[in-house]
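Residue numbers (my numbering), protein chains in the order written: chain Z, 262 to 694; chain U, 168 to 417.
Mixed in with the good hints there might be a few duds.
To be verified - Stretches of chain Z that chain U covers, calculated by requiring three or more beta carbons in the stretch to come under 8 Å of a beta carbon on chain U: (1) 432-439; (2) 630-640; (3) 653-665.
To be verified - Only some residues are given here: those of chain U computed to face chain Z with a beta carbon under 7 Å: (4) 219; (5) 251; (6) 259; (7) 260.
What the hints assert, rightly or not - Below, computed lysine to any residue pairings styled on SDA-like, alpha-carbon distance capped at 20 Å: (8) Z:655 with U:258; (9) Z:655 with U:219; (10) Z:655 with Z:641.
These are calculated hints, taken from the structure and not from any lab test.
Note that CB positions come from ideal geometry on N, CA and C, so glycine has one too.
Here is what each chain is made of, one letter per residue.
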Amino acid sequence: MTAMARGLSAPGDVFQDDFARHAPELPGAALDWLSARRQAAMDAFAVTGIPGRRSEAWKWTDLANVLDSGSLAPAGFRKLAPQDSIFPKQANELAFSGGFLTQASVQAGIEVVDLAKLDAEAPGWVRDNLGTLAHGLDQPMGAASLALMRSGAAIRVRTDTSLQLGFFQAPSQRPQVSHSRILLVVESGVSLRLVESHFGADAHGSLRNLGFEIYLRPRSRVEHIRVQKDAPDAVHLTSLGAAIEQDASYRALYAALGGQLARMDVNLRLGGVNSDALIHHVAALAAGSADITSVIDHASPHTRSRQMFRNVVGGRGRAVNQGRVIVRHGAVGSDSHQLFKSLLLSAHAEADAKPELEIFADDVLCGHGTAIGALEEDAVFYLRSRGIPEPEAKLLLIRGFVAEAIGEFGDEAIRDVIWRELDAALASVESAQ
Amino acid sequence: MNLLEIDNLHVSIDGKEILKGITLSIPEGEVHAIMGPNGSGKSTLSYALAGRAGYEVTRGRMLYRGEDLTGLSPDRRAALGVFLALQYPVEIPGVTTITFLKTALNAQRRARGESEMDAMQVLRRVRKKAHALNVSEDMLKRPLNAGFSGGEKKRMEILQMSLFEPKLAILDETDSGLDIDALKLVASGVNAQRAADRAMLVITHYQRLLDYIVPDRVHVLAQGRIVTSGGPDLARELELRGYGAVVEAA
Numbered sequence: 262m263t264a265m266a267r268g269l270s271a272p273g274d275v276f277q278d279d280f281a282r283h284a285p286e287l288p289g290a291a292l293d294w295l296s297a298r299r300q301a302a303m304d305a306f307a308v309t310g311i312p313g314r315r316s317e318a319w320k321w322t323d324l325a326n327v328l329d330s331g332s333l334a335p336a337g338f339r340k341l342a343p344q345d346s347i348f349p350k351q352a353n354e355l356a357f358s359g360g361f362l363t364q365a366s367v368q369a370g371i372e373v374v375d376l377a378k379l380d381a382e383a384p385g386w387v388r389d390n391l392g393t394l395a396h397g398l399d400q401p402m403g404a405a406s407l408a409l410m411r412s413g414a415a416i417r418v419r420t421d422t423s424l425q426l427g428f429f430q431a432p433s434q435r436p437q438v439s440h441s442r443i444l445l446v447v448e449s450g451v452s453l454r455l456v457e458s459h460f461g462a463d464a465h466g467s468l469r470n471l472g473f474e475i476y477l478r479p480r481s482r483v484e485h486i487r488v489q490k491d492a493p494d495a496v497h498l499t500s501l502g503a504a505i506e507q508d509a510s511y512r513a514l515y516a517a518l519g520g521q522l523a524r525m526d527v528n529l530r531l532g533g534v535n536s537d538a539l540i541h542h543v544a545a546l547a548a549g550s551a552d553i554t555s556v557i558d559h560a561s562p563h564t565r566s567r568q569m570f571r572n573v574v575g576g577r578g579r580a581v582n583q584g585r586v587i588v589r590h591g592a593v594g595s596d597s598h599q600l601f602k603s604l605l606l607s608a609h610a611e612a613d614a615k616p617e618l619e620i621f622a623d624d625v626l627c628g629h630g631t632a633i634g635a636l637e638e639d640a641v642f643y644l645r646s647r648g649i650p651e652p653e654a655k656l657l658l659i660r661g662f663v664a665e666a667i668g669e670f671g672d673e674a675i676r677d678v679i680w681r682e683l684d685a686a687l688a689s690v691e692s693a694q
Numbered sequence: 168m169n170l171l172e173i174d175n176l177h178v179s180i181d182g183k184e185i186l187k188g189i190t191l192s193i194p195e196g197e198v199h200a201i202m203g204p205n206g207s208g209k210s211t212l213s214y215a216l217a218g219r220a221g222y223e224v225t226r227g228r229m230l231y232r233g234e235d236l237t238g239l240s241p242d243r244r245a246a247l248g249v250f251l252a253l254q255y256p257v258e259i260p261g262v263t264t265i266t267f268l269k270t271a272l273n274a275q276r277r278a279r280g281e282s283e284m285d286a287m288q289v290l291r292r293v294r295k296k297a298h299a300l301n302v303s304e305d306m307l308k309r310p311l312n313a314g315f316s317g318g319e320k321k322r323m324e325i326l327q328m329s330l331f332e333p334k335l336a337i338l339d340e341t342d343s344g345l346d347i348d349a350l351k352l353v354a355s356g357v358n359a360q361r362a363a364d365r366a367m368l369v370i371t372h373y374q375r376l377l378d379y380i381v382p383d384r385v386h387v388l389a390q391g392r393i394v395t396s397g398g399p400d401l402a403r404e405l406e407l408r409g410y411g412a413v414v415e416a417a
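So here's chain Z without its partners, still in its complex pose (with noise of 0.2 Å):
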């Protein structure tokens, strides 16, 4: 598998071969602005093919020497039975399978577009936003998801609503690769409540590529939560880029909670005056690795962004948090803090850590931190002098590590749900050796 991937992972691998064979019938060929868009990406996604360790920013999720690449083929549209959303039902509901869009759900004030039936009668602002985020250099496998999309769904929100995306996968004998993308657009003014899961069946090393772009109009607020469960066979990327304008701030809560290979690559533009962004990151692995790699960038003045990564890696879990940060020229009274704190709870477990600043501007506020360590032992005891056995005791401590992370996210009903998952995957980590 290693020396067919990396052969592969030269020019001419299976997804420059599925582009070159297949651009004429993806959806939305017709269209000029769209196969320009897609031929540009694939040619950004040309410059590294599927990274690897070669890619500084890849250099712990080695992409190339986990896909099985020399078989993946695409997931076509299958229709699934309906499914059960897992967090409780928002005001509207939108569920995928193997990224296509197979409900939807929504009232009025919110627009949607199936991305796999794209034509000519795509409304303006698809056209003038789909494909502009999520889709260059830094984000390889963003790039691929656009060049290479099938699947997905165009999303423009009007007026202040909830919204549910459930992703399914079915299961699959063969290792199957799917492109999909996510637009949405969050107008002026406009506060949105986002939640987002992804779930799946057996996998057989499956790839799931989502690229996913939204844009925040000035004043809007998004409140994003995820909840990424994939099965233990699956590898996952999503890669995530937000445009942030004047005032607009979007906070979001991620939990990593499955899969061979998970990796959330995030890029943050902080276009506007006064906008702000939190990104609050959970994993929780006992075997694979759970991989957050974010870009904030400080276009603005007097922008803010705050980012708390919390790892609990038991077994053979590998958790990787990298997150850069860049204040522009300009971007005066800028404000960024970023903590990363992993706990291992075996000895074959591995959590790396990188933050970086990259700082241009004057007057601005910088900090970073990060910790990686066992849980200590002086609470661990204080806990059992109170009557805790010691399991019990240990998983409060990991419980209380994640929920700094968790916070006030979501009402209590989302809350609950997310802390049934995380429950039962600390569980699984707690007991791996």
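Guided by the hints, dock chain U onto chain Z, whose structure is given.
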């Protein structure tokens, strides 16, 4: 009847002997104080009684209500009624105080075969006790000890003691880091829990605490042994003459 009988107790940490043969009995209903200079083994004794890992009993026994504590886990000892108020209570981020109290209370009840209490029952019980110790509703909602002042941490320890209703309470330097008002509040909380069926072991460096929690007996610990014992006056003598003179005379 003696609630606690320590007989020729030797305790080592990392192979180094710290306690070198301690013999001490505390009858039910009594409060005993252990005083001693830094490094005499006071905290080692408290951790050995509570069962902290790494505090190895190499000789002797610690009989609690007739049962040897050696070999029992810390949580088992807590369920049996042994409570240690720590000199430095540990901060537990992310776990609210009330969640912790409920978890601990129910773990002890479960271990004793009693029925568990629901959140409302626990809250009612905690509130009743919290008021007297000036523990606010806000403190109960905050993560346990995280960002608490020194006084708040010590009051939280005493709140736990009053909630768990132990038979043997060990207070390890509960006075350290407290100003006089905080000390009085904590001491009155402790005094309120003196009971005919409960024994207390108050460990302190200074006599000051013993003005407020008046002990039945005072023992002086030096170099891992009890060198002298006496009534409450012994504490005042130590304060006047210093540990050096008293230990030497003994």
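Any hints this thing doesn't respect? Which numbers, in order?
When the structure is compared with the hints, only number 1 turns out to be violated.
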